[in-house]
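Chains as they are written, first to last, in my numbering: chain E, 56 to 220; chain F, 281 to 975.
For the record, the hints were derived by calculation from the structure and aren't laboratory data. The beta carbon of each residue, even a glycine, is placed where N, CA and C say it ideally should be. Treat the hints with caution; some may be incorrect.
[What the hints assert, rightly or not] Which chain E residues face chain F? A few, computed with CB under 7 Å, are given here:
#, residue
1, Q75
2, I78
3, I97
4, G98
5, K101
6, T103
7, E107
8, I122
9, P124
10, G151
11, V153
[What the hints assert, rightly or not] Derived BS3-like pairs: lysine-lysine, alpha-carbon spacing no greater than 30 Å straight-line:
#, chain 1, residue 1, chain 2, residue 2
12, F, K602, E, K121
13, F, K307, F, K320
14, F, K602, F, K495
15, F, K602, E, K91
16, E, K104, F, K865
17, E, K104, F, K869
[What the hints assert, rightly or not] Derived Cβ-Cβ restraints for the label pairs, each shown as a range:
#, chain 1, residue 1, chain 2, residue 2, range
18, E, E95, F, D292, 23 to 33 Å
19, F, D399, E, N152, 27 to 37 Å
20, F, D528, E, V193, 50 to 60 Å
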Amino acid sequence: MLDVAAQELDNLVSDAQKNQYLIFALGPNHYGIDIKNVTEIIGIQKITKVPELPEYVQGIISLRGKIIPVVDVRMRFKIEAVEYNDRTCIIIVDLGNVSVGLIVDGVADVLSFEDSEIVDTPGIEGDQNKFVKGVGKVGDEVKLLINCEKLLNDEDTDRLSKVRL
Amino acid sequence: MSEFLSNEPMLDMFVFETAQNIEQLEKTILDGEKTSRFSKTEIDEIFRIMHTIKGSSAMMSFKGISSLSHRIEDLFFYIRENPETDYDCSVVTDLILESVDFISGELENMKNGIFNESDSTWLEEKLCKTLRTVKGSDAAVLATEDEETAQANDEAAQADAKEDFGDWAELAGPCADEEARVSVAANLFQVVLHFVEGCDMENIRAFNIVYLLKKHAAGIRHFPEDLDSNESRDYIRRHGFTAFFRTDLSEEEVRGFFSQEVFLKEYSLVQFEYEADFEKEQASFDREPDAAGTKAPKPVPAQQRTQAANSGQSIISVNVAKLDALMDMIGELVIAESMVLHNPDLYGLQLDNFHKSAHQLHKITSELQDLAMSIRMVPLRNTFQKMHRIVRDMSRKCSKEVDLLITGEETEVDKNVIDHISDPLMHLVRNALDHGLESQEERLEKGKPPKGTVLLGARNEGGEIQIFVRDDGKGLNKAKLLKRAKENGLLTKPEHEMTEKEIYHLIFHTGFSTSDTITEYSGRGVGMDVVLRNIEGLGGRVSVESEEGKGTQFTVHFPMTLAIIDGMNVRVGNCTYTLPITVIKETIKPSGKDVIRDPQGNEMILFRGECCPVVRLHQIYGVRADTETISEGIVVMVETSDKMAGVFVDELIGENQVVVKALPRYINQISGIAGCTILGDGSISLILDVAGLAA
C-alpha cells in the first residue's frame, strides 16, 4: 500500500519534470537540455587542463571534492570561442554513471513544452544536426533541444578513446 | 528461484555470511587433506558449515545451493557417525572443492543481481555416488539411514534458519525491549497469515514475523504458540498463522508492515474496538484443541537477542562505499581546513589565539585522517589462505610435492591493495611452482629434499609493505635468460654490460618465457608482464633476487596505502603537477652542457654517467612554462623499475601528502597520468605516472 503511494509520488515528480527544459544561451542562440539530466548550475571555476583530450573537453574541475570533466559547448558545436566572464556558467549534468560539466554563456530559463510544441529537426545539412533532437516552439521563437548523450559521447570521443588503447 | 529483490538487506547478509562460511570450509577441507584423514573437529566443523549454508539458503529459497549442501551434509553425517569408515580423502576433498566453487559462482551471480540458479544436479549425483561408495556394501542400512539423515537434517536446518533469522532481524534495526513503551498502545489487532504454498518452514517464517513485529507491537500472542515443532508447521499450513497484538501503528501502517513480508500469500487483518472482544477472540483460540502445543512461552527470543548482541559488539561489517565516502569527506575537511587557515584575509594580522586554536584543529583533523585510513586496513590473511588452494591444485597437476609456508599474514594493507593484489600474487605462486621448483627426481639428484617449499610472506618495512614469494627451486638461469632475450630481440645493450638486476627484469617483458613447454598454467609468456603492470598500476614495484640452484624470490613493494601518497608538487607555468616521492631519485639544476640532443631532436641528460631522456612537461601538456631553457628550470630525476627519466619543470613547490583521486571515467585513461588530487587551495593537481611518461 505504501509502495503504491510512493510510486504515485514518483510519477508525480517525474510528470512535473517531464518535457521541462533548461534553456541556456550560446551567443544569440538558445538551446534546451532535458532538466532531468541537470543536477546543478555553478559559476565558472578554475579549470585544470588535461592532455590528450579532444579540444572541447576543457579539463577537470573539483566540485566539492568530486572531480568532474568540463566540456565547452561552444567548441563542441564548433562556434567561435569567447573568453569566459562572470556570466559564464557550468551546468552539471548527470547521465546515469557520468557527471559532466557543460560550459555555456549563460542560463536563461526553464521552459516546459507540450509534445505538440516539439517538432522534429528539419533536414538541414550540417554537422550540428546530430546534437539536436528536436525544436521547441515558444511564441515566435524556437529553442533547439539538445541530446545530452550525443553531446558527450559520439563517434569522435569513441574513436579517441580507442586510439589511446 | 527467488524473487528477493525487495529483501536486499537479507540477501546481502546471506551472500556475505555464506561467502565467509565457504571460505572457512575451503580452509578446513584443505587442512584435513594434508593429514589425509579428517579429524573429528574438522568433520564437525564442515558439518556445521554445510548445515548453516543449507539452512540459510533454503530460507532464501536457493534450492540449488541448499540441496547441494544437503548432499555434502549427508556425506559428512555418515563419516561422522561411522568414524571407522574407509574413504578416500582426496576424492572427498575434490568433490567438496568443486562444490565450493559452485557455491562461490552462485554467490557471485547473486551479487551481480543474477538469480538464475545454475544446475547443480551433476554435482549432487557425484556426491551421492561417493556417499554410496563410502557406505560400501551395506545397502540395507543405506536406505533407512538416508531417510533418517534427511529427517535429522531437515530439523537441524530449521533450527539453523531460525538462528540466522535472529541475526537478520537484528539487522533490521535495534530491537531493544520496547514492550514497555507500547504497552499502553491503543490499537488491537488480529491477523491471520497464510504463506505461499511450498515455501517450507512456515513456522520459522512466522517466528520471524513475530520477531519483527515485536519492534512495533506489544502483548503479542500467537497460535500455534509453539513454533519449534513440525506440528506447528503443519498447523500453519492448514489453518494459517494467527496473532493478536497491540500497537501504536495505525491499521494502514500495519498493513504496510505485512505487505513487505515475502512468501505471504494472503493475510487478513481485524481491528478490535473493545478490549473485551479482543480478549474473547483470544480465549476462543486457547480452547481450540488443534492449536499445537500449549507450552510456556518460549525463552528463545530472549536468548537469541543476547547472542546476537554479543557477537555484534566487537566487529561490524561496513559497506566499503561508505568508507570511501568517509575518506572523501575527510579529504574535503582537510582542504577546507587549509582554506581557512591560509586564508588570504588573514595575512599580516597578529592572531596568537587564532593560531593556537588552528593548531588544535589541525591536530584533530590529521588524527581523524589517520583513523579513517586505519579503518580501511585489512589483514592479508584471507588473500594468503586462498593460495593454499592454488598450491594444492597445482602440485597435483604438476605432480610436485610442495609445502606452502606462510608468514606475516597478519600484516595489514589497504582494502584497495587487497582487492588488486590477489591476481598478481596468484601468478607469482603459480610461477614458483611451475618454473621455480624442479621435479622430484631432479631435486633428489641435487640432494635437495624431494618436497619443495614455497614461502609466502609479508612484512612492513620502512613505510612500505613487502610481500614476497620465495621458492627453493632451481633459480633463474642468467645465461638462458640472455639467450632467450637475444632470440627475441629484447636486448637493448651488450650482454656484458647488463647488470644482474637488468637481466632478471627481462622476464617481465611481454612474450618472454624461458619454459620450453607450455602448460595449463604457465609458459605462454603472458603473465609476468601483466603482473608487473598490475603492480605498477597500484603504485608498487617488483624486485627479483635469485641464486642458481638455491631458489628465487620475488618481492612486491607497496606503499602502505593507495589512497594517500607522499607527493612532490612541481609547477610548470601556472599548472601544478604532483610526482610520487617514491619515484624521485634526485633533483638537479643542470647547466646547459649536460643536455645533449640526438639527431632526431630528442633531448638527453647526463646523470651519473647515464643518459636519460628529458621529459618536458610544458610540451606534453601544452602549457606555457616560465622558461624553456633547461638551465633556468629544474630537472627532477625519476626512476621506475628499470627506466630513468628527467622531468623538466619550472619550480619545486614542496612536498606534502595528497589524497589520490581517480580521473573521471568520461576522460578515460591517459598515459602519464595516474590520477589527480585536490590541493590546499582547492585547485586540482595531476599526479604523474612516471612509467607512462618515460615510455
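Quick rundown of the hints versus the structure:
Hint status for E:Q75 relative to chain F: violated, with the closest Cβ pair at about 25 Å, above 7 Å. About 24 Å separates the beta-carbon of E:I78 from the nearest beta-carbon of chain F, more than 7 Å, and the hint is not met. Among the interface hints, the one on E:I97 is violated; its C-beta lies about 13 Å from the nearest C-beta in chain F, farther than the 7 Å criterion. With its C-beta approaching chain F no nearer than about 14 Å, E:G98 sits outside the 7 Å limit, and its interface hint is violated.
Nearest Cβ of chain F to the Cβ of E:K101: about 6 Å, under the 7 Å cut. The hint holds. Because the beta carbon of E:T103 sits about 4 Å from the nearest beta carbon in chain F, less than 7 Å, this interface hint is met. The beta carbon of E:E107 comes within 5 Å of a beta carbon in chain F, closer than 7 Å, and the hint placing it at the interface holds. The restraint placing E:I122 at the interface with chain F holds, with a minimum CB-CB distance near 5 Å, inside the 7 Å limit.
Given hint, E:P124 at the interface with chain F, holds; its Cβ is 5 Å from that chain's nearest Cβ, closer than 7 Å. With 7 Å as the threshold, the beta carbon of E:G151 stays out of range of chain F, its nearest partner Cβ sitting at about 11 Å, so the hint is violated. Because the smallest distance between the Cβ of E:V153 and any Cβ of chain F comes to about 5 Å, under 7 Å, the interface hint for this residue holds. Taking the CA atoms of F:K602 and E:K121, the gap is near 15 Å; set against the 30 Å cutoff, the hint holds.
Note on F:K307 and F:K320: the hinted pairing holds, with a Cα-Cα distance of about 15 Å set against a maximum of 30 Å. A hinted pair counts as satisfied when its Cα atoms are at most 30 Å apart, and F:K602 with F:K495 qualifies at roughly 27 Å. Between the alpha carbons of F:K602 and E:K91 the distance comes to roughly 26 Å, so the proposed pair stays at or under 30 Å and holds. Only pairs whose Cα atoms come within 30 Å are accepted, and E:K104 paired with F:K865 is accepted, the gap being roughly 27 Å.
Only pairs whose Cα atoms come within 30 Å are accepted, and E:K104 paired with F:K869 is accepted, the gap being roughly 27 Å. A hinted range of 23 to 33 Å for the beta carbons of E:E95 and F:D292 is consistent with their spacing of about 31 Å. Distance hint for F:D399 and E:N152: a CB-CB separation of about 34 Å, consistent with the stated range 27 to 37 Å. For F:D528 and E:V193, the Cβ-Cβ distance of about 53 Å falls inside the hinted range of 50 to 60 Å, so the restraint holds.
When held up to the earlier numbered hints, the structure conflicts with 1, 2, 3, 4, 10 and fits the remainder.
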